[in-house]
Amino acid sequence: MNTQQILDLIIAAIILSAIWAQLGTFISHKIRIVSIQSVLLSVYIILLGYWGNEFELIILGILIIILRAFLTSRILSSKISSTPFIFRERFGDASWIGIISILMLIFSFITYRILFSPLGYETIGDGGFALLFQGIFLIGSRKSKFSQFLGYVEEENAIVMLSLGIISLPLMIEVSVLLDVLALLIVSTVLISDKPDSQVFEEMTG
Amino acid sequence: MTVSGYIWILFLLLVPALSGVMYFSRHFRIISIITSTITSLLSIVVFLLPSGTYSYFYLNGINRYILLCVASISLFSVIYATGYHRKLGESRNVRLHMSMMSMFTFTMIFSLVINNLGLLWIGIEGTTASSAILIIIEGDPADIEAAWRYVVIVSAGLSIALVSVILVYRIFGTLEITALLASRAYPSQILVLAALFGMIGFGTKAGIFPMHTWLPDAHGRAPSEISAIFSAVLLPIAVYAIYIIIHTINMQIIYGAAIFFILITLFFVALVMASQRDIKRMYAYSTMENMSLILLGFVIGNVALLGSIIIILTHAFGKAGAFYSSGNIIEAYGTRNLSRITNLWTNQRFTSYTLILSTLSVSGAPPFGTFLGEFFIVSALYSEGLGGVAIAVIILIAIIFLSINYRVFGMVFSLSPIRNPTRISIQQIAITGAAVAVSGVFTFLFLGGLL
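Quick note, the sequences are listed as chains A and B, same order. Just add 469 to wherever you are in the first sequence, counting from 1, and you've got our numbering. Just add 134 to wherever you are in the second sequence, counting from 1, and you've got our numbering.
If you are wondering where the hints come from, they were derived from the structure by calculation, not from laboratory data. Think of the CB as a built atom: it goes at the ideal place given N, C-alpha and C, for glycine as much as any other residue. Hints are supplied without guarantee of correctness; some may be wrong.
Chain B is nowhere near these chain A residues, computed Cβ spacing over 10 Å in every case [what the hints assert, rightly or not]:
hint, residue
1, Leu-492
2, Ser-497
3, Ile-505
4, Gly-521
5, Ile-535
6, Gly-567
7, Leu-572
8, Phe-578
9, Thr-592
Taking CB as the label site, the calculated pair distances span [unchecked claim]:
hint, chain 1, residue 1, chain 2, residue 2, range
10, B, Gly-186, A, Trp-565, 53 to 59 Å
11, B, His-381, A, Ile-636, 17 to 23 Å
12, A, Trp-489, B, Ile-387, 38 to 44 Å
13, B, Arg-318, A, Glu-523, 29 to 35 Å
14, B, Thr-308, A, Glu-671, 46 to 52 Å
15, B, Phe-543, A, Ile-636, 54 to 60 Å
16, B, Leu-579, A, Thr-580, 48 to 54 Å
17, B, Pro-500, A, Phe-670, 37 to 43 Å
18, B, Asn-436, A, Asn-471, 55 to 61 Å
19, A, Ile-579, B, Thr-308, 28 to 34 Å
With the hints as constraints, model all of the structure from the sequences given.
Right, dumping it as structure tokens:
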């Protein structure tokens, strides 16, 4: 197995984790899945940095592990009650969610090849574009605030992948984005605290 | 010269950033007012600096005006908040609220002056993190839901804007705003993609249809001084980001797409305005109209750009006045429901004046600056050969004007039993009056050659 195949295998695992996150019903499991996804992404970046002798990428990978994989999951998990298995998400038919996710995956792969073709093909960019759609779908299709926030984290992982596929942003900007997302996470945990599901209020219509 | 300008801007950023520590002081209210006043004075100094780059910062003919509005409206809102939240005493919530208001001001100023598109994105995302908590000071479940929708929808939208930033960096090899605005690239599919991602992403924050859904919820549920900041200055910052994207890409098809988004936003507002039941949601939709017009002026350029700047200034103070007036009414009547707010003329005479004048100001009645700005934009559309667009804009803003003023006059002059007067704090009355008065001066400043 050559280096490119190893990297492609990691991208495939990231995409699989996104599908798994769509189908999972226990919030605690879902947090772990997205955490694994972030670890896989950071492993990819560290390997890329190590093989390409790019020290900035290694730093970025380490920061993703610390800030996104570890801290994010710790903060979100702390908001789940002491009996995490009770925290089960209610949503429509899981089979339909699965079918729509896979259709979106195919759609995003085709769209990426059409839209981004002038930039040349990069597996990581393609994977990032697919993950972006999966994140948006997770936000839009769920009422659970936890799922919605995890969808947002997936979106941010997708942006890192897209950035690697198109052009790596300067490290200062990448790090600031990570810190920004962390700040948003802390704010979100305050908003999640009492009611874990999104609600409809009469005064918020019209 | 350049060094001193850089230091002034640095001070302008440091004062609100450091004043966030007021949370730990017993005198947090007075500290908040003093630091906001210093920030306003510094913003005047920075406003007077010549256009150009100052190390990491950049001043031009647009961001300096928004900067002035950010500092002024933040000061107004801080003073208003000391009266509006007086019943909450010195609770932890109020301390956090005042402290986060400073951080919110810092992130807005940072977004405006930074000369880097990537950091501008981070600043705008930072405004979301710092302002979400400001919506929930009263802890009402509906407030928490509104704050949640704000965080999720805006952040998801801004992620799309980040894709645009990445594409811009790939094409131009830099994120420096001055370099981007000066550069020229050959039209390509990727450029179109970057512009569309940017318009949709930053358009989410600016309240452009169809990504606007957070806006009426957040504006409607936030305390009035926060709704005022959101509407008056936060949204124009997002419109400024769209301006940078579309003028960097500079393609005819992108200008066309922007005009399409603007027209459907105006059409949507015209459609929903008359059926509004909540006073603050009504003004939130009015903000969507104003942001669309500002963006239209940015797209057309020349005299329309001047029109946009006049609207930014007038709208900032006029809409702040409208939200402050709404806050006074909600406090007096205990409801946001338009059908339950009646006979305002007898019950709250001063607020009746400020409500009517601020509404006329933001809806484009002469002689307010918004009218002048709209006139410049429509004339520019005609001279650019976009007569059809100009007619559509005139019809839509006329419908919106009639709808909003009909609802406001209905609240003021409808007859109902006289209520026991509720005491509104002197800070609230003074700030509401001041905001409305300032919104009326811009036409005269323009006619006097001062703008």
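A quick look at each hint next to the structure:
Interface exclusion of Leu-492/A from chain B stands, the closest Cβ pair being 21 Å apart, more than 10 Å. At roughly 20 Å from the closest C-beta of chain B, the C-beta of Ser-497/A stays outside 10 Å, upholding its exclusion from the interface. At the 10 Å boundary, the C-beta of Ile-505/A stays outside the reach of chain B, the nearest C-beta of that chain being 21 Å off. With a closest Cβ-Cβ approach of about 18 Å to chain B, Gly-521/A is found to remain outside the 10 Å limit, as its non-interface label requires.
Non-interface status of Ile-535/A relative to chain B is upheld: no Cβ of that chain comes within 10 Å, the nearest being about 19 Å off. Distance check for Gly-567/A against chain B: the nearest CB is about 22 Å away, which clears 10 Å, and the non-interface claim stands. The claim that Leu-572/A is not at the interface with chain B holds, since no C-beta of that chain comes within 10 Å of its own (minimum 20 Å). The claim that Phe-578/A is not at the interface with chain B holds, since no C-beta of that chain comes within 10 Å of its own (minimum 16 Å).
Under the 10 Å C-beta cut-off, the non-interface status given to Thr-592/A relative to chain B holds; the minimum distance is some 17 Å. In this structure the supplied range 53 to 59 Å holds for Gly-186/B paired with Trp-565/A, their Cβ-Cβ distance being about 57 Å. Evaluation of the 17 to 23 Å hint for His-381/B and Ile-636/A yields a pass: the beta carbon distance comes to about 22 Å. Roughly 40 Å separates the CB atoms of Trp-489/A and Ile-387/B, a value that falls within the hinted 38 to 44 Å.
In this structure the hint that Arg-318/B and Glu-523/A lie 29 to 35 Å apart at CB holds, the actual value being about 31 Å. For Thr-308/B and Glu-671/A, the Cβ-Cβ distance of about 50 Å falls inside the hinted range of 46 to 52 Å, so the restraint holds. For the pair Phe-543/B and Ile-636/A, the supplied restraint of 54 to 60 Å holds, since their beta-carbon distance comes to about 55 Å. Between Leu-579/B and Thr-580/A the beta carbons are some 49 Å apart, a value that agrees with the proposed interval 48 to 54 Å.
Checking the proposed 37 to 43 Å range against Pro-500/B and Phe-670/A shows it holds: the Cβ atoms sit about 39 Å from each other. Checked against the hint of 55 to 61 Å, the C-beta distance between Asn-436/B and Asn-471/A comes to roughly 57 Å, which is consistent with it. In this structure the hint that Ile-579/A and Thr-308/B lie 28 to 34 Å apart at CB holds, the actual value being about 32 Å.
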